[in-house]
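Undergrad: Okay, here's what each chain looks like letter by letter:
Protein chains: 4
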Amino acid sequence: MSDQQLTAILLLSCPDQIGLVARISKFIADHGWNIIDIDEHVDIDDDTFFIRASWNLDGTSMSTKQLKEAFVPLGSELNANWKINFRHRKQRTAIFVSKYDHCLQEILWRYSLGEFNIEIPLIISNHPDLESLATHYNIPYYVFPITKSYKREQEEKELALLHKHRVDSIVLARYMQILSNDFVNRFPNRIINIHHSFLPAFVGANPYKQAYQRGVKIIGATSHYVTEKLDQGPIIEQDITRISHRDKLDDLIRKGRDLERLVLARALQYDSENRVLVHGKKTIIF
Amino acid sequence: MSDQQLTAILLLSCPDQIGLVARISKFIADHGWNIIDIDEHVDIDDDTFFIRASWNLDGTSMSTKQLKEAFVPLGSELNANWKINFRHRKQRTAIFVSKYDHCLQEILWRYSLGEFNIEIPLIISNHPDLESLATHYNIPYYVFPITKSYKREQEEKELALLHKHRVDSIVLARYMQILSNDFVNRFPNRIINIHHSFLPAFVGANPYKQAYQRGVKIIGATSHYVTEKLDQGPIIEQDITRISHRDKLDDLIRKGRDLERLVLARALQYDSENRVLVHGKKTIIF
Amino acid sequence: MSDQQLTAILLLSCPDQIGLVARISKFIADHGWNIIDIDEHVDIDDDTFFIRASWNLDGTSMSTKQLKEAFVPLGSELNANWKINFRHRKQRTAIFVSKYDHCLQEILWRYSLGEFNIEIPLIISNHPDLESLATHYNIPYYVFPITKSYKREQEEKELALLHKHRVDSIVLARYMQILSNDFVNRFPNRIINIHHSFLPAFVGANPYKQAYQRGVKIIGATSHYVTEKLDQGPIIEQDITRISHRDKLDDLIRKGRDLERLVLARALQYDSENRVLVHGKKTIIF
Amino acid sequence: MSDQQLTAILLLSCPDQIGLVARISKFIADHGWNIIDIDEHVDIDDDTFFIRASWNLDGTSMSTKQLKEAFVPLGSELNANWKINFRHRKQRTAIFVSKYDHCLQEILWRYSLGEFNIEIPLIISNHPDLESLATHYNIPYYVFPITKSYKREQEEKELALLHKHRVDSIVLARYMQILSNDFVNRFPNRIINIHHSFLPAFVGANPYKQAYQRGVKIIGATSHYVTEKLDQGPIIEQDITRISHRDKLDDLIRKGRDLERLVLARALQYDSENRVLVHGKKTIIF
Chain R
1 MSDQQLTAIL LLSCPDQIGL VARISKFIAD HGWNIIDIDE HVDIDDDTFF
51 IRASWNLDGT SMSTKQLKEA FVPLGSELNA NWKINFRHRK QRTAIFVSKY
101 DHCLQEILWR YSLGEFNIEI PLIISNHPDL ESLATHYNIP YYVFPITKSY
151 KREQEEKELA LLHKHRVDSI VLARYMQILS NDFVNRFPNR IINIHHSFLP
201 AFVGANPYKQ AYQRGVKIIG ATSHYVTEKL DQGPIIEQDI TRISHRDKLD
251 DLIRKGRDLE RLVLARALQY DSENRVLVHG KKTIIF
Chain B
1001 MSDQQLTAIL LLSCPDQIGL VARISKFIAD HGWNIIDIDE HVDIDDDTFF
1051 IRASWNLDGT SMSTKQLKEA FVPLGSELNA NWKINFRHRK QRTAIFVSKY
1101 DHCLQEILWR YSLGEFNIEI PLIISNHPDL ESLATHYNIP YYVFPITKSY
1151 KREQEEKELA LLHKHRVDSI VLARYMQILS NDFVNRFPNR IINIHHSFLP
1201 AFVGANPYKQ AYQRGVKIIG ATSHYVTEKL DQGPIIEQDI TRISHRDKLD
1251 DLIRKGRDLE RLVLARALQY DSENRVLVHG KKTIIF
Chain P
2001 MSDQQLTAIL LLSCPDQIGL VARISKFIAD HGWNIIDIDE HVDIDDDTFF
2051 IRASWNLDGT SMSTKQLKEA FVPLGSELNA NWKINFRHRK QRTAIFVSKY
2101 DHCLQEILWR YSLGEFNIEI PLIISNHPDL ESLATHYNIP YYVFPITKSY
2151 KREQEEKELA LLHKHRVDSI VLARYMQILS NDFVNRFPNR IINIHHSFLP
2201 AFVGANPYKQ AYQRGVKIIG ATSHYVTEKL DQGPIIEQDI TRISHRDKLD
2251 DLIRKGRDLE RLVLARALQY DSENRVLVHG KKTIIF
Chain A
3001 MSDQQLTAIL LLSCPDQIGL VARISKFIAD HGWNIIDIDE HVDIDDDTFF
3051 IRASWNLDGT SMSTKQLKEA FVPLGSELNA NWKINFRHRK QRTAIFVSKY
3101 DHCLQEILWR YSLGEFNIEI PLIISNHPDL ESLATHYNIP YYVFPITKSY
3151 KREQEEKELA LLHKHRVDSI VLARYMQILS NDFVNRFPNR IINIHHSFLP
3201 AFVGANPYKQ AYQRGVKIIG ATSHYVTEKL DQGPIIEQDI TRISHRDKLD
3251 DLIRKGRDLE RLVLARALQY DSENRVLVHG KKTIIF
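Protein chains in written order, with the numbering used here: chain R, 1 to 286; chain B, 1001 to 1286; chain P, 2001 to 2286; chain A, 3001 to 3286.
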């Protein structure tokens, strides 16, 4: 695991031009670091260049701060949006839940196996129901009941708590409340939601019921970043399962559960490994 | 093939009650026929019973007309909608196309292998482009260019031609015209369309472009019966394929072609084997 | 749930002949019961008929014993293998595990949701590792370490325990011991195993390593009934997932875990709902 | 399309070391070319580095020969296996067929749409059956009947013909003869086969029959490069489809046809776009 602790990951986007890969890989090589993985993409619709590069920092004497500073000149030259993360600096992720346990179960179990490169400092819920599950995994569980009149107030408390725990990102694991725009804008593209339909089909409430009534032959689940517009954020991952006329609404819900937890887990994995770049309404998954 | 020629297929729906399978299977057994396949379903939302039964007519001296008449009393008793088809009486199916050849290619190739239990007496198009393909398979090809002002007139001619060829059903194999309600109502649930999206997502024009702009990770295709409401008819079959940020609009179109032809072929196969019962906005596929 | 408690399920196979569906459905109707579901199949290779029928026992005054006796004459006439189960008489299923927890987690979680029509009276393991998980779900956990010299002795003790708990069937949830033939023959087609490959590819030990070395593009998992021949029993369910050259052996193991637990869960569900008939080396899944 | 005509594609493998991406991308940038796509991989089992890079040659005055020569020093320094292809220099691919038409149909239809970056100068068969299909697409069709005693002689004639047509690669589109080792060794990793099973399951003859008898729930198809050992070559692509007890051997063959043609088409596409690197018994698909 020691080599994992010394891995840097660059995510960068900038206007396309000749020689970008060369300049970025030269920056890495000039410091004597070895590239582990490099992947790039050009969006030909608007001539934007995207890259993810990871490299081994073995033997370096630079601090993470120095390393980031070392990249500033090149980043400016390229007029780039960029960030550098380090594998040993795990993202701090809060989980929001309500009453359904399947997504939380899945995340905590995989978390216990080390499948995600995250720390989960706390779980927040509007219901007390899943506390024992949190306890089983030794994670603090906070309850903030939400009512229309207290929503703003409760969100303020949640934000304070998230700040105190230095939370970088949030996973809505079937959290059944709509976050306010103020809240969402505090975590731009840092809130991952799971929607239980194949978006953009069946936006909003009760998508399984909608799917059942429409008589589709396939149901889906979609994980996306939360934006101000409900169920319209950039899609990270989707998957589907086949159904038939024999499947009643309950069967859709049951089969959908398996989709939801797998799709959400994959989205969280991509995000936690710094594989996702958001570009407008879309994502690039490296 | 001789046993195939002596197979009867019943499709029936009626209000649910005790003993339906027993009474229907007794009707078959009492005539000395052997059931090949039986499949039933009860829609618990409205207590409706559905059944498909096929049986071997070997050694029977009844004509198909007599056989149908023999079922009338039971059908009435059960207050049922029903039809009996015979495998050797192939459905007569017209294909409508425009300029894209992939769905037509697929259907004609499978037709030449005997995969569908249909006869294709003619192909109708609003463009002359695919005539040579029709000729290759020795199927008459008629061109009816469609303009706004002539649409009604042309549809009348098409209907006359379909009538003359005793056509039972129609496949729209990427036919790029919207049929008038008058036309559609002449073939209730007898017109099969292929829509190049995962309905109900991306209704209407340019679904691949819509999918590309939304940034979905999966695209689909949907085959459905045509009703008066565009892309709202009962869904027969759907399938999907995975895409990524690397796929440009052209790639979606290319990958979608493979979906469209397979999904349409499956829908036509189910329909031609009398496996489909329409129930409101949904289908039961036996 | 009350209607569920009064459901009978017949599984039957016999030599094919005319009128079987009629006679069986007449038996049900003559008692005033309503068929919920009927599904049949004929294996044309050896003229064998298979049927699964379930019906509602509402209002009946017969005991389950009387009901079974009532079917004996027809069963004999048809020269059939048959059994009748009742939904309210849940199958008693023991789980065998070793150290991997993913399949056990999945089964216990679904069990807690009521997804399987089973009771789990005990868990048996050759290691103490997963006891806390069993405790979390309040299921007794027994440890029988296995060594070559003590295997027979330990199996005897396990069999005694299974007998005491009136166990009907066993799930090997990644149990890493090979059961003796004596043991297997005590539960013919009543032991469900999960093998972590797409059988018959990669029989035996370390299938992921075999798959990795062969360079396949897809890995699979297979759930089957255990017979005397290793990994050769009748297959109940299989599924696959796509991999690429980027996936190292660890990734195959990780991705395979998700397959294993879903495939095993589906197999157990089919089995627990009396949907599986074994026919030689194959299964019919109704 | 003009930019397509000026694209170079490098495929390279060499012992891993620090700075490889930097040095290769610098080579490209130093000539003023813009990278379109770059993808790399390190096999950690034997420390081997693999890269595929494509770049735009717009405005260059170098010939393809000069360009290759320009890379020689770097290739030598890195102790690399490498080749550079140009999109406008299409690979010349011969198709071998026997009597089944589905794979040939698929390839020729996609070829007519421009989906593959190949030229097909000729089709070779051991039977005359598919000549009319070749004629429809205006491709010369040569028949070399194969018998045990004439096999060597016929293969010599085929090789002469392939040489005359400057053929780079061969697609066995359900060609039902086993090529001699001599023949195979003339086209190392340049012969693409489609095997109608999920390899390594069901090697050899009649895989669908083997699958049917084993009672699998999923069937597959595998496209691989041909080596001396039957069905053991490096796998390029695989896919599967679900079957059930209702599917008879004929259904497996019918469903398998759809798999075979799609899997073979994908393999040919990857190969024709220079996306495949062979590493021992495995492939890297960029």
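For the record, the hints were derived by calculation from the structure and aren't laboratory data.
Some clues are possibly wrong.
Below, computed lysine to aspartate or glutamate pairings styled on DMTMM-like, alpha-carbon distance capped at 25 Å [what the hints assert, rightly or not]:
| no. | chain 1 | residue 1 | chain 2 | residue 2 |
| --- | --- | --- | --- | --- |
| 1 | B | K1248 | R | D39 |
| 2 | R | K255 | B | D1058 |
| 3 | P | K2099 | R | E115 |
| 4 | A | K3282 | P | D2016 |
| 5 | A | K3255 | B | D1039 |
| 6 | P | K2282 | A | D3016 |
| 7 | P | K2026 | B | D1016 |
| 8 | P | K2248 | R | D239 |
| 9 | A | K3209 | P | D2250 |
| 10 | B | K1209 | R | D45 |
| 11 | B | K1255 | R | D43 |
| 12 | A | K3255 | B | D1037 |
| 13 | A | K3026 | R | D37 |
Undergrad: Would you mind confirming whether the straight-line C-alpha gap from P:K2248 to R:D239 stays at or under 25 Å?
TA: At roughly 23 Å apart (the allowed maximum being 25 Å), R:D239 and P:K2248 satisfy the hint.
Undergrad: Is the Cα-Cα distance between B:K1248 and R:D39 25 Å or less?
TA: holds (17 Å)
Undergrad: Does P:K2282 pair with A:D3016 here, judged by a C-alpha cut-off of 25 Å?
TA: Distance of about 49 Å is beyond 25 Å: violated.
Undergrad: Tell me if the straight-line CA distance from R:K255 to B:D1058 falls inside 25 Å.
TA: violated (43 Å)
Undergrad: CA of A:K3255 to CA of B:D1037, is that 25 Å or under?
TA: Given that 25 Å is the threshold and the Cα spacing comes to 20 Å, the pair holds.
Undergrad: Take the C-alpha atoms of A:K3282 and P:D2016, compute the straight-line distance between them, and say whether it is at most 25 Å.
TA: Given that 25 Å is the threshold and the Cα spacing comes to 49 Å, the pair is violated.
Undergrad: Are the Cα positions of B:K1209 and R:D45 separated by 25 Å at most?
TA: holds (13 Å)
Undergrad: Is the straight-line distance between the alpha-carbon of B:K1255 and that of R:D43 25 Å or less?
TA: At roughly 19 Å apart (the allowed maximum being 25 Å), R:D43 and B:K1255 satisfy the hint.
Undergrad: If you draw a straight line from the CA of A:K3209 to the CA of P:D2250, is it 25 Å or shorter?
TA: violated (34 Å)
Undergrad: Compare the distance between the alpha carbons of P:K2099 and R:E115 with 25 Å, and conclude whether the hinted pair is satisfied.
TA: Holds, because 18 Å separates the two Cα atoms, which is no more than 25 Å.
Undergrad: Are the Cα atoms of P:K2026 and B:D1016 separated by 25 Å or less?
TA: Measuring from Cα to Cα gives roughly 16 Å; hence the hint holds.
Undergrad: CA of A:K3026 to CA of R:D37, is that 25 Å or under?
TA: holds (17 Å)
The structure shown violates the earlier hints numbered 2, 4, 6 and 9.
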